Amino acid sequence: MTAAPEPGTVTAEMPGRAPARAAAPADLREQPPVGVRLEGLTRRYGGVLALDGFDLDIAGGEFLALLGPSGCGKTTALRAIAGFEVPDAGRVWFDRRDVTAVPPSRRDVGMVFQAYSLFPNMTVAENVAYGLRVRRRDKAERAGRAAELLELVGLADRGQRYPHQLSGGQQQRVALARALAVAPQVLLLDEPLSALDAQVRLQLRDEIRRIQLELGITTVFVTHDQAEALSVADRVGVMRAGRLEQVASPDDLYERPATAFVAGFVGTMNRIPAVLGDGDVEFLGVRREVLGAAPAAGPAFALVRPESLEVEADPRGAGRVVTRTFSGAVTRLTVALPDGVEVQADVPSAGSQGLTPGTAVTVTPAERPALVEPAEVTP
Amino acid sequence: MSATTTGLSTAAVAGAAGVEPETPARPARRGRGWWRWAVAAVLGLYFLVPLAASVWFTVRSRDGVSADVYAGIPTAEGFAENFGRSLALGALTVLLSLLLMVPTVVLVELRLPRLRPLVELLTLVPLLLPPIALVVGVRSVLAWAPEYFFGTPLAEAFFALQEPALPWILVLVYVVLALPFVYRALDAGVRGAQLRTLTEAARVLGASWPRVMLTVVLPVLRTSVLNAAFLTLALVLGEFTVANILGFETFPTWIVRISGSQPRLSVAVSVLSLLLTWALLLLISALDRRRREEDPA
Amino acid sequence: MEPGDLRLSTATATAAPASRRGRRRGGLLPALGLLPFLLYVAVFLLLPVGVLAVEAFRAVDPVTFEESWSTANIGTVTGGAYARSYVGSLQLSAITAVLGAVLGLALAFAVVGSRRGRRLRRLVLTASGVLANFGGIPLAFAFIATIGNAGVVTALLTDTLGLGGFSLYSMAGLVVVYLYFLIPLMVLTIIPAVEALRPQWREASDVLGAGGWQYWRYVGGPVLAPPVLGATMLLFASSFAAYATARALVGSSLPLVTLQIADSLSSNVIVGAENLGKALALGMVVLVGLVMVFYTWVQRRTSRWLS
Chain A
35 MTAAPEPGTV TAEMPGRAPA RAAAPADLRE QPPVGVRLEG LTRRYGGVLA
85 LDGFDLDIAG GEFLALLGPS GCGKTTALRA IAGFEVPDAG RVWFDRRDVT
135 AVPPSRRDVG MVFQAYSLFP NMTVAENVAY GLRVRRRDKA ERAGRAAELL
185 ELVGLADRGQ RYPHQLSGGQ QQRVALARAL AVAPQVLLLD EPLSALDAQV
235 RLQLRDEIRR IQLELGITTV FVTHDQAEAL SVADRVGVMR AGRLEQVASP
285 DDLYERPATA FVAGFVGTMN RIPAVLGDGD VEFLGVRREV LGAAPAAGPA
335 FALVRPESLE VEADPRGAGR VVTRTFSGAV TRLTVALPDG VEVQADVPSA
385 GSQGLTPGTA VTVTPAERPA LVEPAEVTP
Chain B
120 MSATTTGLST AAVAGAAGVE PETPARPARR GRGWWRWAVA AVLGLYFLVP
170 LAASVWFTVR SRDGVSADVY AGIPTAEGFA ENFGRSLALG ALTVLLSLLL
220 MVPTVVLVEL RLPRLRPLVE LLTLVPLLLP PIALVVGVRS VLAWAPEYFF
270 GTPLAEAFFA LQEPALPWIL VLVYVVLALP FVYRALDAGV RGAQLRTLTE
320 AARVLGASWP RVMLTVVLPV LRTSVLNAAF LTLALVLGEF TVANILGFET
370 FPTWIVRISG SQPRLSVAVS VLSLLLTWAL LLLISALDRR RREEDPA
Chain C
-6 MEPGDLRLST ATATAAPASR RGRRRGGLLP ALGLLPFLLY VAVFLLLPVG
44 VLAVEAFRAV DPVTFEESWS TANIGTVTGG AYARSYVGSL QLSAITAVLG
94 AVLGLALAFA VVGSRRGRRL RRLVLTASGV LANFGGIPLA FAFIATIGNA
144 GVVTALLTDT LGLGGFSLYS MAGLVVVYLY FLIPLMVLTI IPAVEALRPQ
194 WREASDVLGA GGWQYWRYVG GPVLAPPVLG ATMLLFASSF AAYATARALV
244 GSSLPLVTLQ IADSLSSNVI VGAENLGKAL ALGMVVLVGL VMVFYTWVQR
294 RTSRWLS
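Chains as they are written, first to last, in my numbering: chain A, 35 to 413; chain B, 120 to 416; chain C, -6 to 300.
Please keep in mind that the hints were generated in silico from the structure rather than gathered at the bench.
It should be emphasised that the depicted structure is a prediction, and the values quoted were computed from it without experimental measurement.
Take the hints with a grain of salt, since some may be wrong.
[Claimed, not checked] Which bits of chain C does chain A cover? Going by a derived footprint, with three or more residues having C-beta under 8 angstroms, they are:
hint: 1; region: 81 to 87
hint: 2; region: 186 to 195
hint: 3; region: 199 to 209
For every residue, glycine included, the Cβ atom is placed at its ideal position computed from N, Cα and C.
Next up, chain A with everything else stripped away, as it sits in the complex (with noise of 0.2 angstroms):
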């Protein structure tokens, strides 16, 4: 999967539904965004470190997204923003108040569980008023925010419907709807996409950016789906081993990762051999700047995306195309070179069309800085 932008996005969620959807309720756009801030959270299960000196900065209304493999201690970071997980070391605030301490029920956030998380017992619009129901708000003014938050998803007509006469998509555009009826300080999403159909999921992830937009509450998404961290969030936090490797915008983390783990977790990454110079690395028999601080001189790989590789039918070339894989505006070719390196290049479909599996071709980096990893720290 690659973090380009996904081809022909459907638009319309279903046939004769208006894409046009109503404004968010008032008070809700009102509220004054509230930064968090995880302060050194550790987190043990008997021998196993799900949070590690975990600290993190989200500022007051922004979308950020916590990105890395299952086990990593994503959501258990998301559980101790909610309250669910007491750290064993560690702060979590809400601006200056510290919530360390404040259990689940008062610390006015809103959750989006993976999935089956509607009360069953209740219709759809009950299930939105919960929250103000237990906060013992009277019956006119329940079924007025339920409306109100309802029409925000786009499901004003499903008020009176039970939870298993949905679909899983409109099962979580309720459960947001519940979220935020409370007009919760801060926004937590626990993979909220993960359960749903391919198609249903891109629609979802948008909706949930408009609406977040629309609202400015801070919000945290929890996925292990790069192309949608990178394509929601403002920024992207990668966590590996109960810590985090990098916080970056998803240009900055797509164009300059941190690590070899972020490069190669978020988007595809070429690795080539290639030899560290003064200065330069050469592979693929040509020169190239080296992007940030050099290593020291010796063996490297370059870490090069798929779109800056150039693919030219060449019958003296030493590449072979193993596969072409034709996703509309681009064609992913897999390249086989010699000492059975295989490399990925994304070429435009236009004009690739004679580049069928076998035929010869010369590979050449683009002509712009390339990001090197030391041979030895190969992980």
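Please arrange chains B and C on chain A, whose structure you already have, making use of the hints.
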């Protein structure tokens, strides 16, 4: 309090020790485990005291403790005969139940899903219908033989069913009583195994229906067949109402008959049969678990 | 279905998409396969109950020994000692069903909540299986040995503490013994429902600001209500039908309808007592039926969200 009860209550607490609710996986709620302890301790006591007291009742004697009663069970008058009869009835009931219900359950799952509610309803009836009402009805039907059919082959058949040495009529009624358990055990197995996909695969590969039943369905269902068989056997070994009302002697009615003259023997047999059944069920559940771990299909 | 239809249905089946074929073709032959089951149930379940319903209305004239249609049996069993035995059975069943349901639910929660105790869980479940299904006679004798007249605990209490007064051979005694198989029955029946309560519901409720009480009031309680009701109903039927335990414990000295039935069947003194037994048994079936109707009505109100 004497040494006996102290021993009993520690046994109860030891039995409840595993109830410790706090786990590393879900630590958020603290200090709420006490009621689990209380429930487990009180109910543990309630369930263990009668068992322990029964054992004590059977082994104590004027000169101390002895297991004579237990040693005497195999040779006790009527034990072998009645226990043997109950076992035979149990085996026949298991066989007949499976013969009747395995094809029915498989058929409903694969070919007649629309009839599932009907089958479910019919198999639920014996669970709610008092067995004593059923057996009064059965008695009335059996009474037709001398009243209306006397001298006909039908009457002969009715009488043959009531042979005291091996009363087949009990088997026939027990199959009805076991229906709810057998159906549910088999149905759970069928649903868990995605039988439809498996049999379709076998059919596509050219297997005939009888072959599919033998080589695909039965092996897949063996755990639930075992479960159903065991539940049925336990039910027959413990059944008193039907045998008593129809006037046959089986293992349970024998226990009641001897209880007046040999109270210690009746208690000893009771406790032993409870514990043995439990041990057997534990064994089956352990085997089942091991099989599932080996073959996580 | 007429034989002629068979060709028609096969024809449509070939035209139908492959995925539907299995179902569409299932006309005559598979339905025949269900015949053994249906016949068996008809002969050994429905026929006896039907006979009960008919013969309960037959009476024997004590002088001429002639049988005739009559509602005399029904009149007899709805009054006097027989009516008292129905009331006794209903009271005992109601009390034991409610107590068994409450205690069994508590035990189920205790067992499910202990995540570390897989072994405990298996121990409790298998023991419940044995006690709930096999119970009867062995239980009665275990209790006789414990708190019967010569019971171990009875002796302990009277000798050391000077306590007395509780009799196993009474209604209260039956409650204690019945719970010994009803609590396990509740545990077996309700554990799947307790395990189906998703932790996300509790967490979603927490995060939305609800306390524990509010969670149980609005979510946990209503979700558990239908299965708990169903299980209580099962306990009631089980307790109402119980005969072995009562018979072994109290003989026929307590007003319970199952004991009355057995009595009337074994009586050679009263003419037509056999038919009286049938009327009594029919009464049991009718009462269980009424309870079922009531249960279905309540169930429909508590589980609108399920349909």
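8 angstroms C-beta test of the region 81 to 87 of chain C against chain A, three or more residues: Coverage by chain A is violated for the region 81 to 87 of chain C (0 residues, Cβ < 8 angstroms).
Are at least 3 residues of the region 186 to 195 of chain C within less than 8 angstroms of chain A when you compare beta carbons? Satisfied; 3 residues make the cut.
Tell me whether the statement that chain A covers the region 199 to 209 of chain C is true, taking a Cβ distance below 8 angstroms and needing three residues at minimum. holds (count 7)
In terms of the numbered hints stated before, the structure departs from hint 1 and from no other.
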